[in-house]
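Novice: Spelled out, the chains give:
There are 2 protein chains.
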Amino acid sequence: MDEQELTDEVVARLAGTPDPRVREVMTSLVAHLHAFARDVRLTDGEWLAGLRFLTETGQTCTDTRQEFILLSDTLGLSSLVDLVNHGASDAAATEPTILGPFYVPGSPSREFGASMVEYDDGGEPAVLRGRVLTIDGAPVGGALIDTWQNAASGFYAVQQPGVQPATNLRGRFLTRADGSYEIRTVRPTPYPIPADGPVGRLLEQTGRHPWRAAHVHAIVSAAGFATVTTHIFDRASDYLDSDTVFGVKESLIRDFTPGQDGVLVCEHDIVLERAVLERAD
Amino acid sequence: MDEQELTDEVVARLAGTPDPRVREVMTSLVAHLHAFARDVRLTDGEWLAGLRFLTETGQTCTDTRQEFILLSDTLGLSSLVDLVNHGASDAAATEPTILGPFYVPGSPSREFGASMVEYDDGGEPAVLRGRVLTIDGAPVGGALIDTWQNAASGFYAVQQPGVQPATNLRGRFLTRADGSYEIRTVRPTPYPIPADGPVGRLLEQTGRHPWRAAHVHAIVSAAGFATVTTHIFDRASDYLDSDTVFGVKESLIRDFTPGQDGVLVCEHDIVLERAVLERAD
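Top line first, the protein sequences correspond to chains P and A. Residue numbering for the first sequence follows numbering that gives the first Met the number 0, beginning at 0 and increasing consecutively. Residue numbering for the second sequence follows numbering that gives the first Met the number 0, beginning at 0 and increasing consecutively.
Bear in mind the hints are in silico, worked out from the structure with no lab data behind them. Treat the hints loosely; a few may be bogus.
Ranges of calculated distance between the beta carbons of each label pair, as one might list FRET restraints [claimed, not checked]:
1) P:E23 - A:E23: 53 to 61 Å
2) P:L173 - A:G206: 46 to 54 Å
3) P:D195 - A:P104: 57 to 65 Å
4) A:R273 - P:D43: 16 to 24 Å
5) A:V264 - P:D195: 52 to 60 Å
6) P:E2 - A:A165: 48 to 56 Å
Note that the structure is a prediction, hence the values are computed from the model and not measured. Even glycine gets a Cβ: it sits at the ideal position worked out from N, Cα and C.
Go ahead and model the full structure; you've got the sequences and the hints to work with.
Specialist: See below:
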């Protein structure tokens with residue numbers, strides 16, 4: 000039996016998969032996995048090193064750390080899946096980017112213009128403001144902006160229990176009738192993804208840094224519109240050209256400029272597409 | 000940025016990998032991983048389910064269980080890597096097959112014709128015999144046959160601590176000057192690979208059984224020859240056509256036939272290739 004015949008036999012063995020979608024996904028997975036091993040002439044030692052790496056990646060996962068998502072992020076798979084699922088959006092709509100591992104549901108509701116800073120570690124005060132709009136430029140009132148970001152230390156609240164309050168730099172804001180929103184916060188900072196595990200070692204082995212460009216996360220939703228998971232990036236940040244998880248999109252980069260009171264202002268409108276079910280009407 | 004541009008950017012980011020072989024392997028891995036996600040239009044939910052499956056596979060591994068090797072085995076990757084690394088052997092040489100997860104180094108040395116049965120659980124008595132030969136048919140004296148197999152219960156000694164003695168059905172045998180070997184044992188039995196973890200669930204989801212065809216393992220080595228890791232399969236076994244790890248090779252199937260004393264006899268010659276360094280002389 001030669002190499003291709005072996006692959007064919009494995010694929011044939013999957014023919015009895017009851018669920019057609021599972022069959023399709025597993026058949027493609029086997030074909031690509033085998034093609035990889037054949038193309039690089041994978042050695043016995045490399046095969047074993049790879050399995051050990053995957054084992055350690057699984058064993059590094061805890062309730063608050065997902066090393067496989069980190070691996071997917073750093074291999075660009077997360078951004079690719081994002082494109083596959085959301086890449087067909089209207090070009091006028093705000094572009095999505097990856098969720099990342101630090102989202103925590105249940106952030107506190109905060110008023111228009113309120114601050115989400117609950118702990119001062121020296122971040123530069125900033126205001127995020129703008130409007131949520133339809134493709135046609137009409138305001139979307141009552142849209143929910145669920146937002147989270149890191150502190151000046153580089154850490155998210157979820158990474159620093161006992162230091163930052165759990166809800167620091169997290170909040171859910173509603174737009175006013177004219178679509179406007181306003182969030183008082185601090186300027187986000189670049190930060191390295193957790194690099195003390197197998198993914199960090201892989202980055203080092205491939206000559207890559209672990210840094211993400213500075214950004215604020217937001218999941219924006221409104222009745223009748225497609226929810227968008229996105230970032231706002233700081234144009235002054237390092238790593239915009241080499242974000243380690245391939246999350247930067249040119250259309251999401253904004254300036255943080257000093258306002259009259261010395262507080263930085265970042266203006267960013269968010270454009271939502273109608274939900275698919277609405278469009279079918 | 001479209002899907003192909005994203006893949007290209009990830010590949011470009013790997014260009015700084017110091018070790019050329021790591022660069023080659025990682026570049027191919029990213030290309031195939033991305034092609035898989037694009038080809039099947041992997042959904043957000045499938046992506047997350049896949050990462051959860053890999054996480055659980057890693058967390059199922061212990062000192063005595065390697066669930067990622069099991070996954071590799073059942074996806075045919077282990078057999079493929081075996082072919083990639085050892086498939087170019089002389090057609091006259093004994094074919095290799097996978098090592099499997101149950102090999103334990105340091106089996107006891109046993110005399111020609113000695114039994115490796117240390118615990119009786121009702122297996123059918125059997126004798127394995129034959130010669131270790133060169134490609135030209137000359138005997139290889141002093142060749143080491145490091146062998147292991149399961150008991151009638153279906154389990155290897157390493158899987159049943161406290162029931163089977165640790166060295167039950169394991170032994171290292173040397174060939175005599177005429178190349179002959181003789182091993183008293185019991186007939187091996189088909190057995191399911193451990194199916195109570197994520198790999199077992201995947202087999203079930205793809206409509207596959209977890210059974211391996213009955214076999215005896217051997218690693219055969221001799222000074223000046225390439226070591227071969229192989230099996231002897233019992234022709235009367237079920238699952239020869241559907242071995243769940245794709246380990247069966249037609250050339251390794253042998254009859255277990257009743258001898259004069261009622262003990263089963265399995266005759267199997269093992270043909271070794273000269274080691275590459277020897278051939279270069």
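Novice: Go ahead and decide if the range 46 to 54 Å is satisfied by the Cβ distance of L173 (chain P) to G206 (chain A).
Specialist: 49 Å, holds
Novice: So does V264 (chain A) sit 52 to 60 Å from D195 (chain P), Cβ to Cβ?
Specialist: With Cβ atoms ~58 Å apart, the hint holds.
Novice: Against the range 53 to 61 Å, how does the distance between the Cβ atoms of E23 (chain P) and E23 (chain A) compare: consistent or not?
Specialist: 29 Å, violated
Novice: Is the distance from the Cβ of R273 (chain A) to the Cβ of D43 (chain P) consistent with 16 to 24 Å?
Specialist: This hint holds: roughly 20 Å between Cβ atoms.
Novice: Cβ-Cβ distance between D195 (chain P) and P104 (chain A): within 57 to 65 Å?
Specialist: 32 Å, violated
Novice: Could you see if the CB distance from E2 (chain P) to A165 (chain A) stays within 48 to 56 Å?
Specialist: The hint (48 to 56 Å, Cβ to Cβ) is violated, given that E2 (chain P) and A165 (chain A) are roughly 37 Å apart.
Of the hints listed earlier, those the structure fails to meet are numbers 1, 3 and 6, in rising order.
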